[in-house]
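Read off the chains here:
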Amino acid sequence: MRRVVTVVPEAGLHARPAAKFVETAGEFDAEVQVGRADEGDDGLVNAASMLGVTGLNVRRDEDVLIVAEGDDAEAALDALEAILSTPESGDGESEDA
Amino acid sequence: MPDERVLSGIGVTPRVGVGTARWHRPEIELSDPPAPETVDPEAERSRFETARDRAREAIERERDRAEERVGAEEAAVFDAHRQFLDDPQISEGVESALGDGLPAEHAVQRTFDRFVEQFAGMEGRMAERADDLRDLRDRLLRILTDATTTDLAAVPEGTVLLAERLTPSDTAALDPERVAGVAVQTGGRTSHAAIFARALALPAVVGVGDALSDVPEGAAVLVDGEAGEVVVDPGENRRASADESAGASVREGRVTTTDGRAVEVAANVGRPVEVDPAVERGADGIGLYRTEFLFLDRDAPPDEAEQMAAYRSALAAFPEGRVVCRTLDVGGDKPIPYLDLPESENPFLGERGIRRSLGPDADLFETQLRALLRAGAESGDDGGGEDADDETGAALGDLAVMLPMVSRIEEVESVLAVLESVASDLDSAGVPYAMPEFGVMVETPAAATLAGDLAERVDFLSIGTNDLTQYVMAASRGDERVAALHDPLYPAVLRTIRQTTRAADGTDCWVGMCGEMAGDPALTELLIGLGLDELSASVVTVPDVKARVSETDSEAARALAERALAAETVAEVREIVGIE
Numbered sequence: 007m008r009r010v011v012t013v014v015p016e017a018g019l020h021a022r023p024a025a026k027f028v029e030t031a032g033e034f035d036a037e038v039q040v041g042r043a044d045e046g047d048d049g050l051v052n053a054a055s056m057l058g059v060t061g062l063n064v065r066r067d068e069d070v071l072i073v074a075e076g077d078d079a080e081a082a083l084d085a086l087e088a089i090l091s092t093p094e095s096g097d098g099e100s101e102d103a
Numbered sequence: 395m396p397d398e399r400v401l402s403g404i405g406v407t408p409r410v411g412v413g414t415a416r417w418h419r420p421e422i423e424l425s426d427p428p429a430p431e432t433v434d435p436e437a438e439r440s441r442f443e444t445a446r447d448r449a450r451e452a453i454e455r456e457r458d459r460a461e462e463r464v465g466a467e468e469a470a471v472f473d474a475h476r477q478f479l480d481d482p483q484i485s486e487g488v489e490s491a492l493g494d495g496l497p498a499e500h501a502v503q504r505t506f507d508r509f510v511e512q513f514a515g516m517e518g519r520m521a522e523r524a525d526d527l528r529d530l531r532d533r534l535l536r537i538l539t540d541a542t543t544t545d546l547a548a549v550p551e552g553t554v555l556l557a558e559r560l561t562p563s564d565t566a567a568l569d570p571e572r573v574a575g576v577a578v579q580t581g582g583r584t585s586h587a588a589i590f591a592r593a594l595a596l597p598a599v600v601g602v603g604d605a606l607s608d609v610p611e612g613a614a615v616l617v618d619g620e621a622g623e624v625v626v627d628p629g630e631n632r633r634a635s636a637d638e639s640a641g642a643s644v645r646e647g648r649v650t651t652t653d654g655r656a657v658e659v660a661a662n663v664g665r666p667v668e669v670d671p672a673v674e675r676g677a678d679g680i681g682l683y684r685t686e687f688l689f690l691d692r693d694a695p696p697d698e699a700e701q702m703a704a705y706r707s708a709l710a711a712f713p714e715g716r717v718v719c720r721t722l723d724v725g726g727d728k729p730i731p732y733l734d735l736p737e738s739e740n741p742f743l744g745e746r747g748i749r750r751s752l753g754p755d756a757d758l759f760e761t762q763l764r765a766l767l768r769a770g771a772e773s774g775d776d777g778g779g780e781d782a783d784d785e786t787g788a789a790l791g792d793l794a795v796m797l798p799m800v801s802r803i804e805e806v807e808s809v810l811a812v813l814e815s816v817a818s819d820l821d822s823a824g825v826p827y828a829m830p831e832f833g834v835m836v837e838t839p840a841a842a843t844l845a846g847d848l849a850e851r852v853d854f855l856s857i858g859t860n861d862l863t864q865y866v867m868a869a870s871r872g873d874e875r876v877a878a879l880h881d882p883l884y885p886a887v888l889r890t891i892r893q894t895t896r897a898a899d900g901t902d903c904w905v906g907m908c909g910e911m912a913g914d915p916a917l918t919e920l921l922i923g924l925g926l927d928e929l930s931a932s933v934v935t936v937p938d939v940k941a942r943v944s945e946t947d948s949e950a951a952r953a954l955a956e957r958a959l960a961a962e963t964v965a966e967v968r969e970i971v972g973i974e
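Respectively, the protein sequence lines represent chains A and B. The opening position of the first sequence corresponds to residue 7 in the working numbering, with each subsequent residue numbered one higher. The opening position of the second sequence corresponds to residue 395 in the working numbering, with each subsequent residue numbered one higher.
Hints are supplied without guarantee of correctness; some may be wrong.
In silico lysine to aspartate or glutamate, DMTMM-like type, Cα no more than 25 Å apart, as pairs [to be verified]:
#1 Lys26(A) x Asp69(A)
#2 Lys26(A) x Asp691(B)
#3 Lys26(A) x Glu966(B)
#4 Lys26(A) x Glu45(A)
#5 Lys26(A) x Asp47(A)
#6 Lys26(A) x Glu16(A)
#7 Lys26(A) x Glu87(A)
#8 Lys26(A) x Glu75(A)
#9 Lys26(A) x Asp48(A)
#10 Lys26(A) x Asp78(A)
#11 Lys26(A) x Asp473(B)
#12 Lys26(A) x Glu37(A)
#13 Lys26(A) x Asp84(A)
#14 Lys26(A) x Asp44(A)
#15 Lys26(A) x Glu398(B)
#16 Lys26(A) x Asp77(A)
#17 Lys26(A) x Asp693(B)
#18 Lys26(A) x Glu522(B)
#19 Lys26(A) x Glu486(B)
#20 Lys26(A) x Asp481(B)
#21 Lys26(A) x Glu80(A)
#22 Lys26(A) x Asp67(A)
#23 Lys26(A) x Glu68(A)
#24 Lys26(A) x Glu517(B)
#25 Lys26(A) x Glu468(B)
#26 Lys26(A) x Glu467(B)
Rough simulated footprint, nothing fancy, chain A against chain B, three-plus residues with beta-carbon under 8 Å [as the list claims (entries may be wrong)]:
#27 470 to 482
#28 510 to 523
In short, the hints are calculated from the structure, not lab data. Glycine is no exception: its CB is placed at the ideal position from the N, C-alpha and C atoms.
Take the sequences, apply the hints, and build the full model.
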């Protein structure tokens, strides 16, 4: 199962959006890979890897390809698409003040 | 005498140290890998796993140590290291290299180098990842090759440590008892090396550049963390100045001048992690607690309970001392989304500090005052039941509340009325509270001129020299073209300070000073002579200021101050005070 999503958060796939993306990818049984849409399958990295995801250096407004294989693949794609389509979640901040 | 050679960089601590150069070169050169058929992949896999376990343990140890010495924020870098260590991409990369018949160390190098290269090409925070990965790679390689590199915690006493770069794990290991100074080729004012050096009060210069690499091992080196200079083969005069500036040892308890005048030496604190270092460095209390940290970088203001807990933990750290909390001091220069701060043509002359607290932020201000009043209550009974915290029943120091940016008597009168109304609300609700000492910052020329009238109404005045200098000299701190005018030693500024202390003479109102000037030990005698009762210094220089207080004769100090006040130029003042 594959999906192309445009990145909305200001920080692109860096810092908090990336951390959230990686954490969410790890919550599903499906094997998830992510890459730049224009690089196709060759650019895919493990979506549960912070190094891999931030290493893509994807910025705001760029398209990414997400590929998921497994029973809950569709749910995983929905959850990851939601993260990439939300401007900046803003939660998780209050704890570190 | 050999000729001295001076290299320039960025000084990060107001300290000079001299010692023997010792290079820290953690990079490991691997020889070419053996032929794949001679390598046992299973054995190599197990070597890698063992090395990874050992690295994980070491990272956790260093994390705790860094948190203890510098604070949670700096320690967080080790969490990133631990995360990378277990990252699936690293595991996959190493696994694939082992599959190609490489020994564990070569597999580690190949895998990490790929990521280092990838991140080094990126901008900003992402480029810092490359440094983290190098640090982690070298740690694994050291373990795998049993490399004997410098144990930074065990260098000989009097070592001046030289390095191309210092990683967080390197800097966390530095022992200030042994290291006389640090000079680094790379890095800026906010690099890990700089932050740790400041926290440990080590003389340090960063960003020296390639010229540093020519300094031979074993050379005599002086590190001037104030001027930002590294001096190779320093002459006698230089060395003498280094001896003078050697850091003072920590003094517990109050100090007095040689003739018995008590001068309180407190610390300026801007983040909770600085509270413990302030205690460790012998501060008598906190002279300026910037409460902004509670309000920045979030989406909604902190509620009363959260604020109260923060103030209480600072008070608990100084059971014998005083904690002066400055109420929220923001204006158009700092973005706080939920406050809707107006764009201002000149934010430093706009609606900020007390002007906002008595205007658009009135509700926020009242909440802050409630939290402060409640935080000062010694009782273990928390009244409402919902706010019980772990400081309950602990001995607490004395709370003082201070207003920023005051320029009119009416402002103080208004705040006193709010204070009374908050106290009476708490009374009727049966919530325990304590009335704090109450004071204002003297940072506008208006407040200095009105100091006598202010002193009649408040318990203390605290002179904020950074802003006061800016407003007296009409010279913006941030504008390089007029930066030279931003000098608290200009006679106009000194006379404004004296005007303030004199106005409080003969009243019960004490006068303190917070701001960089108070933390400069070279100025301690002058400030005592100008009549200050309290000096609030940066955490790093607290021991030096205390040492200077105890060496000062207050009569001599007064004479020095009189001469400085009579001077007409900053050059004369500098000559009188004896600084370059």
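Now the hints, each set against the structure:
1. Lys26(A) x Asp69(A): Holds - the C-alpha atoms of Asp69(A) and Lys26(A) are around 18 Å apart, at most 25 Å.
2. Lys26(A) x Asp691(B): Roughly 18 Å separates the two Cα atoms, so the pair holds.
3. Lys26(A) x Glu966(B): With a Cα-Cα distance of about 59 Å, the restraint between Lys26(A) and Glu966(B) is violated, given a limit of 25 Å.
4. Lys26(A) x Glu45(A): Holds - the C-alpha atoms of Glu45(A) and Lys26(A) are around 23 Å apart, at most 25 Å.
5. Lys26(A) x Asp47(A): The hint holds at about 23 Å.
6. Lys26(A) x Glu16(A): Distance ~14 Å between Lys26(A) and Glu16(A) Cα, so the pair holds.
7. Lys26(A) x Glu87(A): Given pair Lys26(A), Glu87(A) holds - Cα atoms ~12 Å apart, limit 25 Å.
8. Lys26(A) x Glu75(A): Cα-Cα ~20 Å, so holds.
9. Lys26(A) x Asp48(A): With a Cα-Cα distance of about 24 Å, the restraint between Lys26(A) and Asp48(A) holds, given a limit of 25 Å.
10. Lys26(A) x Asp78(A): Roughly 18 Å separates the two Cα atoms, so the pair holds.
11. Lys26(A) x Asp473(B): holds, 16 Å
12. Lys26(A) x Glu37(A): Cα-Cα ~17 Å, so holds.
13. Lys26(A) x Asp84(A): Satisfied, since the Cα-Cα distance of roughly 14 Å is no more than 25 Å.
14. Lys26(A) x Asp44(A): holds, 23 Å
15. Lys26(A) x Glu398(B): violated, 54 Å
16. Lys26(A) x Asp77(A): Holds, at about 22 Å.
17. Lys26(A) x Asp693(B): With a Cα-Cα distance of about 18 Å, the restraint between Lys26(A) and Asp693(B) holds, given a limit of 25 Å.
18. Lys26(A) x Glu522(B): holds, 20 Å
19. Lys26(A) x Glu486(B): Between Lys26(A) and Glu486(B) the Cα gap is close to 22 Å, so the pair holds against 25 Å.
20. Lys26(A) x Asp481(B): holds, 15 Å
21. Lys26(A) x Glu80(A): holds, 18 Å
22. Lys26(A) x Asp67(A): Between Lys26(A) and Asp67(A) the Cα gap is close to 18 Å, so the pair holds against 25 Å.
23. Lys26(A) x Glu68(A): With Cα atoms ~18 Å apart, Lys26(A) and Glu68(A) stay inside 25 Å; holds.
24. Lys26(A) x Glu517(B): holds, 21 Å
25. Lys26(A) x Glu468(B): Holds, at roughly 22 Å.
26. Lys26(A) x Glu467(B): holds, 20 Å
27. 470 to 482: holds (count 4)
28. 510 to 523: Contact hint for the stretch 510 to 523 of chain B vs chain A: holds, 6 residues under 8 Å.
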